[in-house]
Every structure is written in structure tokens, then in C-alpha cells.
Amino acid sequence: MGAGGRGDGLARVLFVERDPHLRALEAHFFGEAGYAVEFAADGQAALERARASLPDVVITEILVAKLDGLALCRQLKADEKTRGIAVVVFSILASSARANEAGADAFLMKPLAEQRLLGTVRKLLEKRPAAKIPEQSL
Amino acid sequence: MSIVEVPNEPDTLTRITTGNAQLDAILGGGFPANSINILMGEPGSGKTILAEHLIFANARIAGRPIVYLTTLSEPLEKIVRYLQSFDFFDEDRLATGAIIYESLGADLEANGIAALVPRLEEIIKTRSPRIVVIDSFKAIHDVSPSLPDMRRMLYQLSGLLTAYETTAFLIGEYSDDQVSVFPEFAVADGMVELARKKLGTRDERYLRVLKLRGSNYQEGLHAFRITTDGLDVFPRLTSPVLPLSYPFNEARLSTGIAGLDKMLDGGLWAGGAILLEGESGAGKTTLALQFILEGLQRGEPGLYVNFQENPIQLARTIQSLGIDLEDAKRKGLHFLYASPVELQIDSILVTLFRTIEEQKVKRVAVDAIGDLVGAATDLTRLYNYLYALVQHFVVRRIASVMTLETGPGRGPMIGPVSVQSDVIVRLQLERHGNTTRRTLQVVKARGTNHDLDVKDLRITSSGIEVT
Chain A
0 MGAGGRGDGL ARVLFVERDP HLRALEAHFF GEAGYAVEFA ADGQAALERA RASLPDVVIT
60 EILVAKLDGL ALCRQLKADE KTRGIAVVVF SILASSARAN EAGADAFLMK PLAEQRLLGT
120 VRKLLEKRPA AKIPEQSL
Chain B
0 MSIVEVPNEP DTLTRITTGN AQLDAILGGG FPANSINILM GEPGSGKTIL AEHLIFANAR
60 IAGRPIVYLT TLSEPLEKIV RYLQSFDFFD EDRLATGAII YESLGADLEA NGIAALVPRL
120 EEIIKTRSPR IVVIDSFKAI HDVSPSLPDM RRMLYQLSGL LTAYETTAFL IGEYSDDQVS
180 VFPEFAVADG MVELARKKLG TRDERYLRVL KLRGSNYQEG LHAFRITTDG LDVFPRLTSP
240 VLPLSYPFNE ARLSTGIAGL DKMLDGGLWA GGAILLEGES GAGKTTLALQ FILEGLQRGE
300 PGLYVNFQEN PIQLARTIQS LGIDLEDAKR KGLHFLYASP VELQIDSILV TLFRTIEEQK
360 VKRVAVDAIG DLVGAATDLT RLYNYLYALV QHFVVRRIAS VMTLETGPGR GPMIGPVSVQ
420 SDVIVRLQLE RHGNTTRRTL QVVKARGTNH DLDVKDLRIT SSGIEVT
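Residue numbers (numbering that gives the first Met the number 0), protein chains in the order written: chain A, 0 to 137; chain B, 0 to 466.
Isolated chain A (complex conformation) (with noise of 0.2 Å):
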């Protein structure tokens, strides 16, 4: 099953983020490109929140409470109601491999470069049919 959209045709992008400087940047680059933003603060919230709204894309960093972020890949990918989320793992920690082993659709260091990040969750939203990818990142 994949993700889908809400009423409105926006993509509902879910950060996993503390920092609240990165999320204050976060919302406002994904905002004015056109996505529908929300946010968690740890692991567990996120994959509550995931289960019940099915965003088309979690932006997670690994180092959050609860339920770190490659765990909560595990679990994303490991549910089917949940499969289709396309995971962006972005993380001040470098690791592209156990990113990979937790089944990652795409890997990226922190700090924050929008057009870096935007870009890659373009990409990944490309890769399915159901997505509404906003005109603004275009």
C-alpha cells in the first residue's frame, strides 16, 4: 500500500526533529515549496503519528528518544500499512550503512542544505505514482 495525500493534494512531509532551529527552517522551506509539514519530537510519537496520518515521506534524524530513527525505519518498512513512507534519514551521524541496512530510501548528512534536501525527497516522490509532488519544488 502506498502513501497517500489528504483532500488537499499536498505531500505531508514528517520530520523527526528536536533541534528546534532545524525545524524552524525545515517548515519554512517545505512550506513555501508547497508541502504540508508536520513534526515529531521522538521516535515513538513519529511512528504513531506515521500510522495514523501515512505522510509520503518521514525526514528522521537517528539521534531522537524513545525510538531512534533507524529503528523507527525498521518499523516503517516492517509494517505493510506503512511500507510505502518513503524514509529519509538525515542525520548529523554518518551512517549511510546501517541507514541502508534499516531499509532507508535515501541517506543525507546534517546540516541542512534545502535545495539538497528538497531535491532528494523530489526524487523519491517521483518514484511514486500516488504522490502529489507540489509545483513549487519543481
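In short, the hints are calculated from the structure, not lab data.
The beta carbon of each residue, even a glycine, is placed where N, CA and C say it ideally should be.
Certain hints may be false.
As the list claims (entries may be wrong) - Computed beta-carbon distance windows for the label pairs:
no., chain 1, residue 1, chain 2, residue 2, range
1, B, Ala24, A, Gly8, 50 to 58 Å
2, A, Lys80, B, Ala20, 52 to 60 Å
3, A, Pro110, B, Glu325, 32 to 40 Å
4, B, Ser84, A, Lys65, 55 to 63 Å
5, A, Arg82, B, Arg212, 38 to 46 Å
We have chain A; now place chain B onto it with these hints.
Just chain B, lined up with the frame of chain A:
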């Protein structure tokens, strides 16, 4: 499923160049990208020039912009006005928005330090800057109620700058005693200090790296000058890392004087160093020149460094030996002349090395090293430099001659310098009534069965003869 690993874009540099290759080398390649750095020094030390040269060296018309923020010291208009006198200034970089100058002064005056982080966040959101400069950051303390308030603001500021892919430079007129007190030093990844020392009627400028996380930087004081090109930096000379073994070459080089070669059992080892000591008029300059000219005949480019005779005087000396100066230059003769009034040892040595590397020099004459004593602010530093210099010559197999004028009032250089020299040749003027005789003696010659006798030295129209 194979993972998409997004590589760093070409725009994401590992290092940020300063625009000056020597300073980049001191920093281990430049400032680390995505770091927070402090450039500190008293007014007029050159820190703003360093920052401006850096931003122009990194500005790209089609890339993410560089944002230069002024605060509460110099007005923005003044900074931009004087910037235009530098050769690195490029109006296109401003006109196209590759470099953006903005003032935070009004915001800071109206709202104090609370204005800084929101304003910077807005700049990041709207400009996506690759580099941010804040000048003067120290001046912001003037609108801070207290150091704890400043510390809280800096916590937020460093969090914001760390979250985003940008490299920051905070410029300030900090003094050494403020480094352990002001909170910006705790969050900085790099700290570079620029200073100047008064030496007689001139200033000598130095910079040093106090801290640079994740970098193999060169410690110590590095001299520099301010020119229309920005900073001209002279990295402190250090001893080379000697290879564990380097080939020991049995071949000896001719000094250009047959009698002296005979005294030295064939000549000087490649990479060997001769110290020529003697009073004024004894023949040191002529002998040093002949050593260089001999090398030219053998296809070995030579460098003659001197602080006493200006180029015209030197040309006459060379021509008096029957040498065509232009022909000698074509064969690889290079000169480095520095006026003793304006000597800065660091700049001389860096220029010397540049010339050696660029021209593949194999013989060097330094005439006279005693002149460097007068220009040195620190004799220990000078001796260390001379030691390192000789070691560099050894590793590069460059044969060298250094002259040292002896006699009343000429200073205690003999000890440290003679220890480093492989060969010591003493030239003397012996006076008997109305006659004066020049003599030469080999006082020391490492690893050589040398002639200890005092020989006659004559200066003829074709050079020195030793009999």
C-alpha cells in the same frame, strides 16, 4: 531496496579558502566548511581585510550568496567605500547579489541582542547564505545587558548556525584577556588573531591560529603584510620532516675556486652549507658570487640574496669579475635584494623559498646573515629560522654559502651559525706596515680531510684565486 545516498554537492566545500594560498596552508587547507570562526585583533590589524578577501574569493555569481552583516561600529557605507581600493574587489559580485551587505545596526540599537537571532534566521530563510560574516561581533556586547544574556543569545545563535549549512565569521577587536571571558569563544570552532608589533620606525604584523577544530594547522606567529591584494602572508619557517633515509651523494661540487676546492678535498657536498666569515673587504661577497656563477656554468640555477649592495652596485661587482650579467641571468641567476631598512625576516625567507621552488635553484648565497640580526625582533626566532633554512637546503640538496661579517661590534652570531655549517671558511686581511694581504683558511669541514693551512687569496679580474 538500494538506498539513495546523496553526495555532497560541489557547492558544499570541505574547506573555505581565504583567498590566500599561504594562509590556506597555515589553516590546513582553509577554514572548515560549516564552522563558526572568530577573527580577532585590534583596530587596523587587518581582520576586516582578511574577511573581505575571503568573501570575494568564495563568491559565485550563480551560487548561494555570501552575506556580510555590519553591526554597531563602522557604517556599512564606509566599509564598502574603502573595499573598492583592493584588487580583489569585483563590483559584479555585489551587483549580481553574490555578495550581500546588510546592516544590523538599527535592529540592534532598537531591540538589543534579542534582535540578532531572529534577524539571522530570517536571512537564512530568505537568502540561503553559504557564508555569513558579522562585523563587529564584539560591538554587540555594548547592547547586551549582561554576559549571561550574551551567553544565552550565543547558545541560540550557535544552534542556528550549526543547524544550517553555512560558515560563519565573527569579527571583533578582542584582546587576549577576553578570550576566557566572552562566551563567543566557547562556541567558536576556529580563532585567528591578527596583531602588530612596533619595531623601531615600522610595524611588523603577525597572525596566529589559536584554535581550529578538526584541522592540522600551523602553530606560531606568521608574518604578513597588507597590500592592495589583501594579506600577503609569510608562513613561519619550520624544520622539514626529514625522510628516514635520503641518498648520501658522494659527489662534491666545485666552489668555483680551484684552490679552495683543493683545500676541501674536491669541493662541497651537495646540500652542504659554507659559512664565510671575515671582516669587511676580505672578499666574502666576491667568493659567494663566484660560488653561484660556478653553478651556472654547470647548469645549476642560483639565487643570490643580499641586504647590502643594491642591484646596481651588485651588477658592477659581477661585471668586475668579467661576467656578462644578462648572460648570467639567462643561465639561471636570480637575485633577492631587501633593503636593510625594511627587512622583515619572514617575508624574505618565504620569498626565498618561493624563488627556490619556482626556479629550481640548486645554489644559494645569503650575503650577509649578520644583517638579519639587526632586523630580528627575536634572536631565538632568527636562529631557529636559520637552522630550519639549512635543513631545508640539506633535504633539497641545495648547496649554500652564507657570509658573516666579523670584527668589532658585529654581534654574537658566530656560535649558533657555525654549528649548523658544514664548512667554515675564514677570510682575513693581514696588515704589515703599508701592505695588506688577504688570506683564506678552512677552519672546519665536516667529514672532509681538509687543508688547515692559511692560504693567500687574490681578487683578480677573473675572480678569486687561492694559492
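Comparing the hints with the structure gives:
{"no.": "1", "hint": "Ala24/B / Gly8/A: 50 to 58 Å", "result": "holds, 55 Å"}
{"no.": "2", "hint": "Lys80/A / Ala20/B: 52 to 60 Å", "result": "holds, 58 Å"}
{"no.": "3", "hint": "Pro110/A / Glu325/B: 32 to 40 Å", "result": "violated, 59 Å"}
{"no.": "4", "hint": "Ser84/B / Lys65/A: 55 to 63 Å", "result": "holds, 59 Å"}
{"no.": "5", "hint": "Arg82/A / Arg212/B: 38 to 46 Å", "result": "holds, 41 Å"}
Against the hints set out earlier in the document, a violation occurs for number 3 only.
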